[in-house]
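From just these sequences and the hints, can you work out the full model?
What follows is the residue order along each chain.
2 protein chains.
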Amino acid sequence: MTPSASRVPSDIEIAQSATMRPIRDVAMDLGLGADDIDPYGRYKAKLPMSVTSAPPRGRLVLVTAISPTPAGEGKSTVSVGLSQAFRRLGHNAILCMREPSLGPVFGVKGGAAGGGYSQVLPMDDINLHFTGDFHAISSTHALLAAMLDNHLYHGNALGLDPKRISWPRTIDMNDRALRQAIIGVGAGNGMMREERWVIIPASEIMAIVALASDAEDLERRLGNIVVGTTGGKDKRPVRARDLNATGAMTLLLKDALRPNLVQTLEGGPAILHCGPFGNIAHGCNSLVATRAGLALGDIVVTEAGFGSDLGAEKFFDIKCRFGGLNPEAAVLVTTVRSLKMQGGLPKNALDVEDLGALERGLPHVAHHVRNVQQFGVPVVVALNRRLSDTDAELQMVADYVATLGVRVALANVWAEGGAGGEELAREVLAELAEGTAAFRPLYDTARPIREKITTVAQRVYGADGVDFSAAAEKSIDWLEANGMADTPVCMAKTQYSLTDDPSRLGVPTGFRVTVNEVYGSSGAGFVVAKCGDIMTMPGLAKVPAAEGMRLRPDGTIEGLS
Amino acid sequence: MTPSASRVPSDIEIAQSATMRPIRDVAMDLGLGADDIDPYGRYKAKLPMSVTSAPPRGRLVLVTAISPTPAGEGKSTVSVGLSQAFRRLGHNAILCMREPSLGPVFGVKGGAAGGGYSQVLPMDDINLHFTGDFHAISSTHALLAAMLDNHLYHGNALGLDPKRISWPRTIDMNDRALRQAIIGVGAGNGMMREERWVIIPASEIMAIVALASDAEDLERRLGNIVVGTTGGKDKRPVRARDLNATGAMTLLLKDALRPNLVQTLEGGPAILHCGPFGNIAHGCNSLVATRAGLALGDIVVTEAGFGSDLGAEKFFDIKCRFGGLNPEAAVLVTTVRSLKMQGGLPKNALDVEDLGALERGLPHVAHHVRNVQQFGVPVVVALNRRLSDTDAELQMVADYVATLGVRVALANVWAEGGAGGEELAREVLAELAEGTAAFRPLYDTARPIREKITTVAQRVYGADGVDFSAAAEKSIDWLEANGMADTPVCMAKTQYSLTDDPSRLGVPTGFRVTVNEVYGSSGAGFVVAKCGDIMTMPGLAKVPAAEGMRLRPDGTIEGLS
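Chains as they are written, first to last, in full-length UniProt numbering: chain A, 1 to 561; chain B, 1 to 561.
Because the hints were derived from the structure by calculation, they are not lab data. Yeah, the Cβ is synthetic: ideal placement off N, Cα and C, and Gly gets one too. Don't take each hint at face value.
[As the list claims (entries may be wrong)] So, partial list: chain A residues that the calculated Cβ filter (under 7 Å) puts toward chain B:
1) Asp-38
2) His-129
3) Asn-150
4) Ala-187
5) Asn-189
6) Phe-511
7) Ala-546
8) Met-549
[What the hints assert, rightly or not] The following residues of chain B were derived to be distant from chain A, with all beta-carbon distances above 12 Å:
9) Ala-45
10) Ser-166
11) Glu-219
12) Gly-231
13) Asp-298
14) Ala-402
15) Leu-432
Set out below in structure tokens:
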């Protein structure tokens, strides 16, 4: 079937016309009784923590992508569609994805619940407050911030240097006016100091909840958070546990730590939990969600943010390493349109066949394929079909991928749902059947920080080397002197380019990466290296998506996508 | 039975050892099926909007109190206990209360779910995130703030004067460092301007959700919010609807508008919804919650914040007026200990009998009795028993109240639950049987703003008159010139005194009230008059309650009360 725009209604129309199964029925398919889950409304539920520590029996498949372009790649849509396709082929597949942030929902991007006939439901709830996890994370972050400023106000017994507070404030909104601020203004209103807000997917609490293995581990990680340093020459780290904040913070997260069960448009199970961004954080759904999927299903389809250089690298080097996970295959999503952009075509020229531009873009796929392969994980390329693709273009991509010795399949999951993903699912099953995976992280965490960063930049981005700013050099020395260096690195970099310059598409060579800032996320358990300019608080567009949204009198929703 | 501290465990111990009924069973008692409610976990549920517009059949009883002192009055505990007592006597009573804010929970006050054997459950969830209503209100408030600053950044087409932005930011936390701030600092980060944060119970969105009668009314009220004024001589109000924010804001509140069903410790229904503070906002649970109670029950026991001068006045003049409610009786809670403080005794001298101090405090009760009576609502005084009370003291209060021609009953609901409230319940039933109520608001909203404020100050506080600051005078003139005067006034005043000076207890005379600030809450539908110093953002104590909280390995909670 050739996809046709006129036959596919909008995402929200499809979502709202779907007949959802009661969530207890979805849970029952997984062997869970009504007493095992806590329903949130009729179509969402919290899973019990017990399933997150049960023995794994499923096989783990990562969905990643080439570098994103404005043409759109459809990674979430392919993830949903692939899980639907596996179920159509008789497998007990479970989808694991991140929860969306309100920032992008009200900004320009819209939600993150897939699209067309490959969505997770209830789409509107998932895109709005869902089960409150982000709100709980936001409150937890805010409590630590309030206790920190309260400590400064009441005499600062810990000797914190107010100029060296590293714990920001957070909000789940695109709010550029909060990027940089002065707080504590006015008599009796605490210590005046600089402050910055980060969006909630960039909060260290988000990373912590996403990486914690249980409540005890959560509390330990929360206690390790470094909120700033002492003053003078000494500059020792001051942690959340020094502020006696850890117990109340854990309390606020007791339900947020439990993964959420929802369903795909075809009624299969989907576990959505946590949502660290892939450019400024580690970019994967929670470890406990993936573990729950592996305990309850035969195949777990999970997703990591943006291209393989960001989400996949951190999925492998951070999440799989911490969680002892064993990914056995990866799907690399690409489209003809976005490869034409990687080949130099502007967005307004994508609708017509251009084999020349496409050919110039193809090496970009090869780079991402190699990125994944070097972790010991075999790749299947998913060519996500779009309306404007010509047969010649599709064939060119397929032929090229074949020369890489890699499986490739057309995916038409947006227009056809799971049926449009069966070819892809069969290729992934074939890859799993061959059993060639031998997962290994890219580097040893015991290596020095500079070396770990350089390894990622050279082997994943293709850089010649790394330049560290003076501030970054100082931070690295401080982290190493304070025993905070023996961790993975969480690279923060633009998602649009393999370099740290968002305008350089394709496969740039002969470039160096600049690391401007390095800091320890000791609760999450990694060291963040910010390359180039990375925004931790987006702004809204001139006409934000929010302006087009409304609740109709019949209770249905307009403008959410 | 004489209460004994040694026999009553802590609030959290009682709450955690209680066997809760499945919330669907509580709903079933009210004639609601499993499909009518949306469960949030097993012990909380959202009620359908349909019950909020069903015809009322219940009788409305308000629980108010004398002015609060550090001795504690136990208004929430009496409210819960009274509703439990009514049910023991065979009545289908429903409790309607506010939801607690995280600010006081982590500050010093603890939660707001009653105490002893008169609590609402699940106490821990109610005191933490509950069903997410406050978070939804917080997001809605934040979206409008972000869209406002985004409008300023993208050219300010509406001509807002950045020095006259009246929409603050909000957070559900005691965070004094956010009382006054400068935001938009730095290149590309929006317009630099002053900003202030208010705690969520002071957000106008909280008042709006609490007063909206349905989704349509909610959207209309949200659109009416004034966010600031234009510049120059003109100074026209700029509203949320001018920013095209109303639709998305309504969307964010679609579930928060639905009242929440939980249960008392004795398994009876309790509807908890919204939580505007009584000193800086109108201080009552939502109108839709009360309407749901009146549609589903025979007697609705509801509560208003702080003393009769604050919560009860605003319950009558704002909520009952807007909602067409007909309160038929009021319970005025007092204790021997707090009357001794009103009579001049310091907190550390309350444990021994002091009939002299008590006698000096008694006129304070009379003042609050008259406050309620002048609204046409009959009063029953509840003498909430405390461990240190002597028989002579209890008798003195009872005798005094009898001279006022008002019913009085001992309540021992903290130690005995509903059984300890039966005497009080019988007195309220007797009052209802007499049917003397003839509710009327205190003033006509068509009168000028200064007159309405003065009426409340003179007739409710006992003031000689009102002094308006120059800023208040200007605001009032502006509100009247812009058609925003024809509403009730929402008085913001210290809860500790009938005057605007928190140190003046008892029944002060010969005083004037100073109104420092007046502003229109056009979405909520009232004009706020701030008398004296009223904090819209509390701070944490030197050792916040949060420091004593933790989640035990078995999942139970320590330190929440």
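Results of checking the hints against the structure:
1. Asp-38: For Asp-38/A, the interface hint holds, since the closest Cβ of chain B sits about 4 Å away, which is under 7 Å.
2. His-129: The hint holds - His-129/A has a Cβ within 7 Å of chain B, the shortest such distance being about 5 Å.
3. Asn-150: OK, holds: Asn-150/A within 7 Å of chain B, min 4 Å.
4. Ala-187: 9 Å, violated
5. Asn-189: 4 Å, holds
6. Phe-511: 25 Å, violated
7. Ala-546: 4 Å, holds
8. Met-549: 4 Å, holds
9. Ala-45: Non-interface label fails for Ala-45/B: nearest chain A Cβ at 9 Å, not farther than 12 Å.
10. Ser-166: Holds: least Cβ distance 16 Å, greater than 12 Å.
11. Glu-219: Check fails; 7 Å does not lie beyond 12 Å.
12. Gly-231: Gly-231/B clear of chain A: closest Cβ-Cβ about 19 Å, beyond 12 Å.
13. Asp-298: 29 Å, holds
14. Ala-402: Non-interface label on Ala-402/B holds, nearest chain A Cβ at 46 Å vs cutoff 12 Å.
15. Leu-432: 37 Å, holds
Figure legend: structure checked against the earlier numbered hints; hints not met, in rising order: 4, 6, 9 and 11.
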